[in-house]
Structures are given as C-alpha cells and as structure tokens.
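**Q** Chain by chain, the residues run as shown.
There are 4 protein chains.
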Amino acid sequence: MFFQKFKTPGLAHVAYLIGDKGEAALVDPRRDVEEYLSVAQRNGLAVKYVLETHRQEDFVIGSAEVRKRTGAKVVSGRHALFGHSDLRLGQGEAVSVGALTLRALETPGHTPESVCYAVFVEEAPGRALGVFTGDTLFIGESGRTDLTDAEETAKHAGELFDSVHTQLAPLGDQAIVWPAHGAGSVCGGKIAERDESTLGLERAYNPVFRLTREAFIASKVEERLPRPPYFEHMERVNLEGGVAVAKAATSVRVLSAEEFDADGAALIIDTRAPEAFAGGHILGSVNIWLAGLPVFGGWFANEQSRVYLVLPSAEDLAKAVTHLAGIGIDGVEAVLAGGFAAWRDAGMAIGYSETTDPRRLAAELDTTLVLDVREDSEFEEGHIDGACHLFVGDVDRHFERIAEALTSKPNIAVTCSVGHRAGIAVSLLERRGIRAKNLLGGMTAWKKLGLRTVRGTGRTITTKDIEGERS
Amino acid sequence: MFFQKFKTPGLAHVAYLIGDKGEAALVDPRRDVEEYLSVAQRNGLAVKYVLETHRQEDFVIGSAEVRKRTGAKVVSGRHALFGHSDLRLGQGEAVSVGALTLRALETPGHTPESVCYAVFVEEAPGRALGVFTGDTLFIGESGRTDLTDAEETAKHAGELFDSVHTQLAPLGDQAIVWPAHGAGSVCGGKIAERDESTLGLERAYNPVFRLTREAFIASKVEERLPRPPYFEHMERVNLEGGVAVAKAATSVRVLSAEEFDADGAALIIDTRAPEAFAGGHILGSVNIWLAGLPVFGGWFANEQSRVYLVLPSAEDLAKAVTHLAGIGIDGVEAVLAGGFAAWRDAGMAIGYSETTDPRRLAAELDTTLVLDVREDSEFEEGHIDGACHLFVGDVDRHFERIAEALTSKPNIAVTCSVGHRAGIAVSLLERRGIRAKNLLGGMTAWKKLGLRTVRGTGRTITTKDIEGERS
Amino acid sequence: MFFQKFKTPGLAHVAYLIGDKGEAALVDPRRDVEEYLSVAQRNGLAVKYVLETHRQEDFVIGSAEVRKRTGAKVVSGRHALFGHSDLRLGQGEAVSVGALTLRALETPGHTPESVCYAVFVEEAPGRALGVFTGDTLFIGESGRTDLTDAEETAKHAGELFDSVHTQLAPLGDQAIVWPAHGAGSVCGGKIAERDESTLGLERAYNPVFRLTREAFIASKVEERLPRPPYFEHMERVNLEGGVAVAKAATSVRVLSAEEFDADGAALIIDTRAPEAFAGGHILGSVNIWLAGLPVFGGWFANEQSRVYLVLPSAEDLAKAVTHLAGIGIDGVEAVLAGGFAAWRDAGMAIGYSETTDPRRLAAELDTTLVLDVREDSEFEEGHIDGACHLFVGDVDRHFERIAEALTSKPNIAVTCSVGHRAGIAVSLLERRGIRAKNLLGGMTAWKKLGLRTVRGTGRTITTKDIEGERS
Amino acid sequence: MFFQKFKTPGLAHVAYLIGDKGEAALVDPRRDVEEYLSVAQRNGLAVKYVLETHRQEDFVIGSAEVRKRTGAKVVSGRHALFGHSDLRLGQGEAVSVGALTLRALETPGHTPESVCYAVFVEEAPGRALGVFTGDTLFIGESGRTDLTDAEETAKHAGELFDSVHTQLAPLGDQAIVWPAHGAGSVCGGKIAERDESTLGLERAYNPVFRLTREAFIASKVEERLPRPPYFEHMERVNLEGGVAVAKAATSVRVLSAEEFDADGAALIIDTRAPEAFAGGHILGSVNIWLAGLPVFGGWFANEQSRVYLVLPSAEDLAKAVTHLAGIGIDGVEAVLAGGFAAWRDAGMAIGYSETTDPRRLAAELDTTLVLDVREDSEFEEGHIDGACHLFVGDVDRHFERIAEALTSKPNIAVTCSVGHRAGIAVSLLERRGIRAKNLLGGMTAWKKLGLRTVRGTGRTITTKDIEGERS
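Chains D, A, L and X supply the protein sequences, listed in that same order.
Here my numbering is used: the first sequence runs in plain steps of one and ends on residue 633.
Here my numbering is used: the second sequence runs in plain steps of one and ends on residue 633.
Here my numbering is used: the third sequence runs in plain steps of one and ends on residue 633.
Here my numbering is used: the fourth sequence runs in plain steps of one and ends on residue 633.
Treat the hints as calculated values from the structure; they're not laboratory data.
Don't take each hint at face value.
Copies of the same chain look alike in the list, so a pair counts if it fits in one copy or across any two.
[Said to hold, decoys possible] Straight-line alpha carbon distances no greater than 27 Å define the calculated BS3-like cross-link-like pairs of lysine-lysine that follow: (1) K409 x K169; (2) K235 x K210; (3) K183 x K167; (4) K183 x K210.
So that you can see chain D by itself, here it is in the shape it has in the complex (with noise of 0.2 Å):
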C-alpha cells in the first residue's frame, strides 16, 4: 500500500494519495496538481479515482484538472451539490484500488452533500484501517456548520453530530482519522496541532463525541467563524470540478521599483513579516505575511483583482502565485524586482509604522486605544480591558463603525493573537491616512506575561452584527 499526505501550508489543507498494486486514489486535491501526478508517476501509481469528499469552500479543487490529465474518474456520493463526478456512490457503495476498498458513508452536517471513505485492506477486511473524513471530522475538532445557511447553523450541527456518531464511530477505535484541514483551517474552529489520531482517541476528547447532543449544537451556534468573501466563488467553480491552474509564476512581470510605481491602480500585497512592514514598506500596499495569503489574500482581492506582490525573497515567488492562485486570485501580474530593497535604494517614497511590546503597550493603556481585530470568539475568551473589536476582514469594509472609535485617544495600538493580522490592519488604516502601532507578540505575548484581561463582548462590533446587517 501506497500512501502520502500533501499538505498545503497557509490553507491548512491535506489532500492523499493512497494506493496498492499499481492504482491510486486522489483524495480532495487542490487545484495545483503537478506535485500529485508526480509522485504518483515517480511510484508507478495510475491514478484510478478521485475521491471528493465535498464541495470545499475555501480551495479550488482540482478534480476536473485530474481527470483530464489522468483519465481519473471523479468519485462522489449522490447529492446534487457534487456537480459534475463521474461515479456517485450511494450509503456503503464502494471502489477498488489494487485490493483496497474505499467505502463512502453519507455524513451530512458540515455541509449536506458531505461524504467519509472509509478504507479497508484486504487482510482485514471487517476493520477500516483509516477514513478519510474530510471536513466533517478533524483531529479535535469537527467541520463548521455554519455555511451553507446560517439561520440553520443549530440543524446541521445535529446532523453532523449523528453523521459522527452514526456512519464514523461504528468504524471503531482503530481507524485512523484523516481530514481535508488541519489547525489553521477556516473550516473547522479549533483544528489540533497534530496530524496523527484514530477514532478511539478522538471519543476521548473531541467534543464531538464529548459533549451531548444538545451541547454539542449550542457550542456550534455559538462558534461564529468569519466566512471570507471568496468562499462564494470557491462553491461555484468547485461545482464544476474547479479550474486549472491559470497563469504559471513565470509569467508574472517582473518591474523596477519606476515601474511598480507607475501602475496606481494594482493592489499591492506586500507579504514581508510585519515587523519587516513597519520598518519600511511602500506607501498603499497592504501587508499580509506570506503564509497568511491563502486565508487573507481573499478577503482583499478577488478573481478580479490585479496583484502586485512584494515578497521577502525573490524565491518566494511561485509560493506567494500558488498561494493565491489556490483560492481562486490569478490576477498576480507583478512582482517588485529586488524586493523591498530595489524600493528603497531607489529612493522612493516609503512608509513606516511603529510597533509596540506589551509592557510597553501596558504602560500607555490611558493614551491608547487598543483595536483588537481577531475572531469573536478569540476576542471574547479574553482581550485587553476597553480594547474596541472589529475582525480583521471587516476592518476596511466596516471602517466607519470604528472611525469614531479611533478617535477617542491620541494613540491606537492594534493587536491580534501575536501580529500578523494586526500587521494587516495597520496597513489597512494607514491607507485611510490612520497611523496605529502593530503590538508585537499580541495577545500571545500579552498573556504570556501575565497582564490583564477581560472576557466578554466589550466594545465588539461583532462579525454577527455585521453579516445581520448584510442580509
């Protein structure tokens, strides 16, 4: 048996590559998918199928591209929302790959065409060796169920729950748990950080299986995770398949700082560290850190959009298309030749923002407005006393329920879990002529040292209220 996990940093996403006997199964690939079809070529692996486990919101998957390549078939279950597979496989249906079999199990809740592949060998063939659970059951965690209608966010829960409880834990303890996301994931609130689990250690601890029926749904009524704007055009082209790769890295222009300069009307993203950031940067360019693309890359830009990048090695090119390109942002058309430095040593005209630490930060709480921009939830477990709230994603297109807000002290601090969404913000604010200090370290580094918090809503302007706002 064959067997490989592709992770993909930033969307936290893991695709598999499982086979025996000269045949594979691709499961939940993402739209770049050389590196797959390569290292099942390099292991003289036919791929056979690809399994989908549901529509995925959050990456272009890659199956039509799959298929085409390979002459894979796409495997499925039977709901509509898988719009374009080759096999739809029925409750307990199942597929070959050498003497593998790979049964699909309807599990509903995250999403409603959601469906498991449980994996048998052919030695044991009453006892699952693992399943494949895409995002209806991660390693601590189980899939959000918020999406497809939030009014019924309660419903799905329940449904997901029985589909843990119905279809997965009767595999038994020994199954091994393989999910499409690990911790990062936008799909799942509080995803372990480990890749490694089975059936019977997740009853140990998951909530899923820990809590009743009935607290389980009320935790996820509760969980309020931010839904990007991009997920929209995830769903529809993923209904088709998904969509090639569009653009190589190497087609991406390569301008002088004269050059990059020119063009006004591109959105730069500058993708240094934020501390990076705050010591120099171009005048208008947001700042998302480069691991941060996939996730916050589209809640800036959309299939639209025409991108510049700034990156911190000029190596980091192919990574910072890939990133993009992955939730469905071709439109990277440049890159800054040199890096920040070629700006720099061109004399142009730079930016600086300041950062803080938190016993600074502690020290000048009476002259600073702290602008706290991380998740409800991440906010409500604990912020600093009289922090505003406003997530990061909503900071720009719901600039005016803070702008008054950032006026009532002479000094703003924006901080988030250690920087890098904070780093964001103060790009964002400083682009509406707003200067803030980035708090190194956020609220990690905060309570690390031990200074005070408070729980609760506070001053929030809560993602809730806005998506209210917006239906």
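Got chain D; can you put chains A, L and X on it based on the hints?
**A** Okay, now just chains A, L and X, sitting in the frame of chain D:
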C-alpha cells in the same frame, strides 16, 4: 505536535522524530544523522532525547552521534544490553517532550532488552495516541526471535507473545503502531508492505494476535531467517551507541578504467540492475543491485573490506556509500569514473552472462539445473521441481555444497523471487568459473504464468544445516 | 552584468540570459522556457528581448512563448526566414539592455538569415566583450552549410567563410565566443568538447580560420552530415516563433505491464543503456538511450507518433518528455510503471540480444558480418575491414540496402563509436527478425586496443547515395 | 574540457574546477570543499591538483582538506608564504591535467608570493585560452597592494603593475580572465559587477592598463581600503593549507526564546534585513544582514567568539554557519528556534529603532547629525554636508572618536550606501545606549534623488588616522 517518519530504503528502517513546543525525541536513529538534525532545526525543535527500543543488530545506530551534536540524553530500558544510555527507564516510567508523555514498556522477546514507548497527548492522557514498537511488533508481523540464541527461539517467541499481549494490547485499539522496520527488513519474516496501522487493526490479522501462544511459538521456530554475518559487528558497536559516519562520500576516489583495473585486491561491487550486469560487466565483480546493498552488502563485505564501486549513475555515489556505511562498511575506496560505459569504451575485458525467462526455462528444464537462492521458507512454499537450493548468502561460502550438483546438467539457471538475488549468485558463480543464466522475473513471474511448482524441501541445502554445522 | 548559460544536454544546445540593471535578453531559447524565466525572475530581471540568431532547424524554439509570458520583443535580422519577429535589426543596428549594447551582424552561410550579436559593455564601448555566434561559429568548428540547399553547399560555405572573416574577426581577439551549440550537436561536424573560447583562440586552430577559403569550402562539401527528418517540421514551426510546450510530463499515463502490452500500435522506446537493453527488453521496442532522444528520437518518431516509454528510472520521465518535446514530438502517451523490472516480474515475453567486445569480435571476424552505423565521415576515417556501412538513421528506412549483406555470414555485429547508436540498430534489426550483437565500446574501444582499421568508403552505402535517390 | 566556476556570495570569492579526460585541478578552494568534490565526482573527474594563486587573507582555504580527501597535490609558486605545498612551480613551469597545460607565472604585487596560472589547450598550444589571475588582476580592477606592509604600498603597486604588464599582457588579448574574486570582495577596490572578461577587454578600460605606472601607483596609495581584523588569523591558518570545517551546521543548538535569553555572554547576531531589525529585535543584538556575514562578521566576532544567531528563516542556518566558518569563526553555538517571531510571541523584551528616508532626512538636517559609516574613499567621493564619518568596522572599537559628535544634535541618522552597514552601526550604537535612525536607501537613494552632496574629507575620522595610531 510535530511528527515525521524517516524511512531508510534497503534497510527498510524507520526512525521517528516526534516533537512538541520546541522539544523533540528521536526514536531509533541510524548512523547518518544529518537529515534528522536538519529537519529538527528547520522546525525549531531541540532534540532532547534519543529513544532506543533495542540495541539493533541490522544497522549501526546514531545515538552517540546525536548526543554529541545536540546534547540529547540517550534513553533506554534498564537491561544491560543498552550499554551506553544516559537515562534508563523502568517499566512504566516516562519522559516528557513538550506536553507529550513517552512511556516505556518492557517487551522482551525479539531481544531480551527490547522496550516499546507509548505516546500520550495532553488532551487524552489516559489513552495512547500511538506506540513506538521497535522490532517487537511490525505491521502484519512480529520481530524474529532467533537472534540472541537460536536454541532458545521458542522461549523468546513465548516472551514476545506475552509482551505483545500484556504490554501493547492493553494500550487499546486506537493506538497507532510505529515500528522500527517495514517490509524488506531482515528483522522480521513477512512484514506488510504498508506503513499505516493501529493495534486494533493488527488484532484483526497479525499472527501474534490471531494464533494461539503455542501456534505462534511453532511458527517462529519454523521461520528460519538468514542471519547475516554483519549482525555481530553491529551488536558490538551499538552497545556503545554506534559510531559516527567515518567517511564522506566525497572522499571516495574517482578512478579511470585503467586505475580501477590495477587494484586486483579490492572487492568490486557492481550496483546496476541484473539485466544491465548481464549485458556486460567487469570480470570478477559482484553484482548487488543498489537498493540491495544495505542487506546483501554485508554478506560479502565487512568492516575490513576495500570496496570499489560501479554505479548505475554517478549521482548514486552518496546513496551507495550511505547504504554500506549503514551496516558498518566504511571501506569504499573508489568509484569507476563514467561507470560501466567508461570501462566498455576503454576496451577493457568484459564479462557477459545470460538471462532467460520463465517460458524459455520451462522448455529447457531437461538440460538445465535450477539453482534457487531464496530463503528456506520461500523455497519450501513453492519451487521448480528438481531445483537445487542454497540461500544466496551461502552460495560462495558454502560453494562446495552445490559444486557437484552444478555439473549435473549442461546448463544452469539461477532464480530467486524476481532476479536480484539471482544476479548476485550468477556473479559469484562466474567468479568460480561457472556460467549461469539469471531467470528474469524469477519465481514471481514463473508463478504468475501458472507454471508448475512443488512444495517442501526438495534437494534443499538449508540454512539450518549450515548454521548447525557452524556451531 | 548578469550572464548565464543554459545547456540542454542531448541537443547540445546553449541558450543565454544576459542582463543588466534589471533588464535582460534571452538568446535562442528552446521551447520549454520555465527555467529561463524562473532564473530571470529570481535575479530581478525583466526579459526585454528574445534574440534569435537564426530560425533553428534542430529544435523547437520558445520565442513566441517568452513573448507571450513576459511581453518581450522578439529581435532578429531582416531576412524573411525570421517569420515572426517584432524588431528586425539591419546590419550594425543594436538594442540595449541596461547599459549593454547588443549589435546585430549579418552572417549568412549556415543559413541565409543567420545573424550574430556582439555585446558591448559601457566601460569599453569600442571593443566587444563577446559575441553570440548562433550556428555560424562554434568552438573549433563552424555551422554546416548543407541545410537550405544541398546543391549549394559550396556557395553557402563561401558565404559563411566571408561572414566569419568580415563580420566576426574584426571584433577582435578579445571577444568571447558564445555559440548556440556545443559538442554533439547535429548542426556542426566536429565541435570541440569545451564551452570556453574567444575569437583570438579560434583564430589559432579553427578550420574556418586556418584553412584558405577554397580549402574550407572543399571541407564543407566533404562533410556529409545526416539530415534528420524532423528538421523540416522544426523549420515550419519556428517560422512562427515555435510552439509552447503542449503536454506536461505529469499528463503521461502510467500503465501496468499488461496495459502497456495491450496497445500494439504505439511506438515503444526503451531509453536504458544498450547493455541493459541487451540483458532483457520488450520485444519490438526501439532502444534509444536517454541522452540520445533529442537527436535520434526524431529519426524514428514524429509529431504524429504515439510514444510509450521504458525508462531507466521513474525519475527520468520529465527529462524524456522534454527531450522529445524539444524536437516537436508531443505524443508521449504512456510510461511503463516500474520500468523493465515490472515487465520482467509480470512474466511478460522478453527479448534478449547479445553483446560482444573488440577482442572477441576480432577473433570471430571470419564468421561475423560487421555493420557500422556511424556517419559517413566517421566510417571513412577508419573502420573494421570488410564492414558494411549504413547510417543508423537509415537502417530501418533503407533496410533493403543491407538486407542481402546481412545474410552473408552466420553472425552479425553492429558497431558505432561506443555502442549507443549500435544499440538502436540492434533493436531495429530485431524488429525485422534479425539477431545482431552490439560491439560494446564500439570503434572507440577497438582503436584503443590497436586493432586494425581501414580508411575509405569500403562497402559503404552512403547517406549521399540515399539522399541523391530521394531527390 | 570541463570548466565550472564556484561563486561564494558574500566573500565574492570564485574557485574553479578545470578538468580534462578524467583529471581535474581545483583553483583556490575555500574551506567547505564538499560541493567542489561532489561536482568532480559526478563528472567523473579525479582531482589531481589544487592550484593556489596566493596564501589568501580573506577566507580560510581548503587546500589541505582537498589533499586529504582526494590525494591531490597542492601546487603553488616557490615563495615561502606558500607554507605547505607539495609541488612548487618556478616561473614558466607547468603541470598537466588531461591534455591541458597549466603554466605558472610569477606575479608579485598584491602579495609577494602571488602567481597566476595560464591555461593552454592541446589544439592551440601557443595561445592561452585563459588565465587564473588570483588577486593580481580582477575584472575592472587589480588587487590591493597595502596588505603585507602598508608602508610599502607604492612599492607593491609598482610590482603589481609590472607583473600585469610583463607576465599577463603577453598572453594575448584572447586570454579569458578568471580571477579569485568578483565585485564586493575586500581584496580589491572597485571590481566590476561582471564575471566575464578577457585580457583584451581589460586593456581597454582597466586602470592597471589605462594608467601610467606612476598614476597607477598613486591611485593605489590613495585607495585606503579597510583591513578587517580577521585577516591575520586567515593568514596564519592558510600558511598550513587551511583547516577543515570544524562543525556541522546540524550541531548548532536550537534554543527557545527563554534559553536564548539566558546566556548573557554570547554575541547575538541578527541576520535579518535592516528594516526588519528596525521593526523589532533582541536588545543588545548586532544586526549584520545575512550576505554581509562573510565580510562584516569578522569585524565583530573572531575565532574565540561564542555566537548566537537570529535568522530570516530557519532554512538559512547552514548558509550563516558556512559564511562565518569561511572566515574562521567556528563558534556558532545556538540558533533561536522560530526566529524573531518566537521571541516576539514569548513576550520577551524588544528593541526598536527608527528608519528614515532621504526626503525626510533632508528636511531634518538642522536637528539631525548624520553619521556616515562607509569607507574613506566612498565618503570622500560625495557625502551629506556636515556628516561625521567613521568606517562601520571602527564604530565600536573607536567609539570615543565620535562620542562627542553624537551629542551635538538632538537626532542621529546613520547612512552607508544603501542601509546594510548603517544597520550594523545603528545596532552597535544602541548597545551603547544611543538611538539612531537608519537612512533607508542610503547615499544611493540620496544621490538618485539629486539631493546635495559634498566631496572631500569633511569631519572625517579616517581609517588612516586610526591605523596610524594603532601602529
């Protein structure tokens, strides 16, 4: 939690790096530790412990080297065969790595000192995530029990059975199995070709779980695995924690065909595939395919040998040197510049051997003696009627056993499972002036074509006979 | 100044990226442009120009693709055979890249449109740093002059001589020579195995400088180089700037031995070394060693061919696909999973061929017909007495020419310079039911051993004869 | 012929591997010889000779190590400063590598023992293909002549002039120039940023050719290059052939922020870009950007130093260790796990510094003291009016020279050419309790914007003064 497997092909050895919160433990490292330490560094992990499951007899360990470089403590059980450890854990004692707990379980059987280490995560402290099983429990198999004293194989088999049932089984079905070897290892008979399993899955089919204690002991006594001559040297150096890599691959001399030819005393190992060797080779060279070096190199070379290499590609030098160093053979002195092609083009004397295929051989059995060089048990499970048998490792050192048989028919064909070990034997016979054909595809192809085989010992010269005489 | 050579093995092609102050020109790019553009990006260079020295007949160019991806302008001379360029420089006209000046020099001869580009740096504007010589001047050689019209080889040779003496020589001894090809190219006869030279060094020994005009023309007329059938297709597509890579290597299907066998219509190319092929191969496969694909692949396959590959290692797939794509063969449909070993182990029918070596052959000449498949000039400079001659590219298509000769002695040995081309011929003969031995080491080994050769045409069937008949 | 350049960034050092027919010579190898030997092996080359052009003072050489590993003979001139060579060539004596001839030419000047090696190919024995010029002739420059005895710079300059004119020039315009250093080396003043040249091209613009002997000597006397303190140690170890690499990068300890902080005695070098350092850093750390380590590391650390590293990325560890080892600094003991981000997130004390840009600084000159830390000659060619000057390498050790000046205005801005050396100085000043701003873009940006500069020594504290006092 950080978790990574490091598979050493050929040896079929698996080491593990497991880490949490900036700390890590390295389990059963081999001698060349660069890769382990580099991965640890890149992931910001300080190696705090080296966990040893047993002394290891099939490769040189890297514990002492890791300790020297990182300051890690070498951790083991309390048995005296752990000659050099810093921290000797008694039954049930544990060390911690970040928030992980690694608990020692005494599991004698494979060897008297063997221990396993169960891994517990913070969130489920009562239920093991997995267990490093060393050579006690493999996937689909258990460790051989004939090593420390062949007379007492049965006794050790009973011990191993008890260790598995009293120490491992109670960990629960959910525990993932992380053994020190995979398929192809000389430390177990029929390890599955799969790297993923759990105790619950093993319970469903692994002989140590499926057989009664008596039947299990009987099966172990029947096993009769070869005992390579290098085991003794490994055991000696591993008692001291192994030895650091003695010689960089870049220190191997590059010789022209003429220079290569000049040193008549060196052992020439040609690491190309048997077909390529058959098509042309240096007279007197021994043909051990590249991936076979870590197992079969040690049957024909030892720590005193001066080795000259012929490689499939110049790119393979580091791999070949590492393969041999892994079993204590540090004397690779030279490599043939330009490989066999350079020899060929220099007009040097060339040897040839013939190959055949199942259908052709089947038609020529009347005039062809078949020499089967597989292990005893492989032979007994099905061989060509009338075949003579001697394990490849004994072909040269016990040549007299087959010398007479080889003259019984005008032609000789050598077979193994697919042709690799037969290639070794063909080259050894050629050195003694005997021309033989390699049956390409070996008994694998023969059986696939439905050609006739017989079971039992036949005209076998078993390893047992030879071992018996030795003692 | 940035300067990098990109050597394409097999084709013996060299492209150049030359840059300054953030701008770059790419000289004579091949079809797969990823590497060029990636290097440019990593070095902060915008590709401003693609310089073409001539239309190229031996590989598909990448000019149109580079233009599409980077917006670069394609630069050429004014001749109509540059079918698609954006900027047509007249004699002495120049473009600038940063502070570099690249000046066009019209140098007809190899082909009528050929131009060279002299490079001048700012600090020494009157003296060329170097010159991109295309196929006009190679190191130790000059371009062949028989391509556009074999009848007018002499006329073109005279033109080339004049171009070198009137256009290149005046640049001065100090100018570095950067040609489009190195040793092994089909575009020149005896290119030196060295990549470094200057005009001053060439003046000391290159025939185009050492011979008189008359003697030079005579030598060119005598040259008689093979003209591969794919040249015509290359010329056609290159007139339009070449075509982009049509198929990713990851789109090649991975087939089992049985599936591979099922498609009787595909052309199976076995890319292993001739010794390995001799030891065992798929019946009916053609043996072209991996590095020989970009030259010899085009003699046996074309843009319509459906190609199946047997590789030395699964790692070689991308290389093989690129090699063939380089000469317009995009139809690689499948690769044998597991390589020849899988075929062997599946019990499939296996072909064998014999090899021999110079001393053995010398002893068996009475009963062995020698077929020499080198080029005409190689044969004429020294061959085995009594050898029959037909260039490898003609063995199959003009088989009738040698059919009778092949029956004249009981055994056949095929030779070339070392055994690669002989390997092709042996496989072609086998397809026609004729068994032949490959002389390992070929005439190189034969001569090294001081064995007897004769000069002249002998029983030669020359390319000239064949070409003559064709027209 | 095989030919490869090995460029060591930072050191701007170039070694060469030149080979033919299976033999090779390695020219001026640095200490870490793995790459050289690996390339030689992969190309089937036995390293027969190590050619030394001079003792080298700016990096630890690898001659003894190559000799030990390969059996190569170390070749040099006859001067006693070649302390350890095996073969001492007199003027015009040669060694051969395959069919190549490498002829020694005595070229004192840069140092008294300096030799060059002219390369001749078989086909043009009377005309050099190229010449390894060591530190005698660079591209666009010649070696500094102030090293062995600053009092006799003029005398040595005259010798160098004569060496170039009597030994190199006669080789002819066609000879390619292969020097031991490129732009950025501390061994020459204004080496061109180009790696390709010939003697003929150099004749057109290189000062050693364009100036009269007198003018050349005068220019050398004026040059006043810094003499790093590590030169002395290099000279000592290189007299014995250099020393092998003492410590693998994988032996560097990985420390958490707390552990990193605990060792107050170690020298912390932060190798991030100056902008990133400005945005946040460990108090007391010295900021030397990564590529600057091989030059500036040696001003602040030496062979006794215990170094702790903060890296841009964990991937950079091997590079940083190699950079420092190259100049004899083997004491890298620890690296900060997770880099500055881990420090930040642990709530550790953070230092900040400010940056500025040319336009802002220009507007604030009344209240800002400018400290220019470039070399004397750079300063004299144009600096900001009123700037104080002290070379970066002297800022700390001759701090008292500027201490008073630093109090003359309320603010301090530090500048160099772009901001790297200024970053070092800013961090050094911070360690002495002085806050200063780094002028991003430095004098490069300042001049690009057309802002006013003045020439001459101004309020300079020259290196000459300091050196004078030292002696």
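**Q** Hint by hint, say whether it matches the structure.
**A** Cross-check of the supplied hints:
no., hint, result
1, K409 x K169, "both (22 Å within a copy, 26 Å between copies)"
2, K235 x K210, "within (6 Å within a copy, 44 Å between copies)"
3, K183 x K167, "both (18 Å within a copy, 23 Å between copies)"
4, K183 x K210, "within (12 Å within a copy, 40 Å between copies)"
Every hint from the earlier list agrees with this structure, and none is contradicted.
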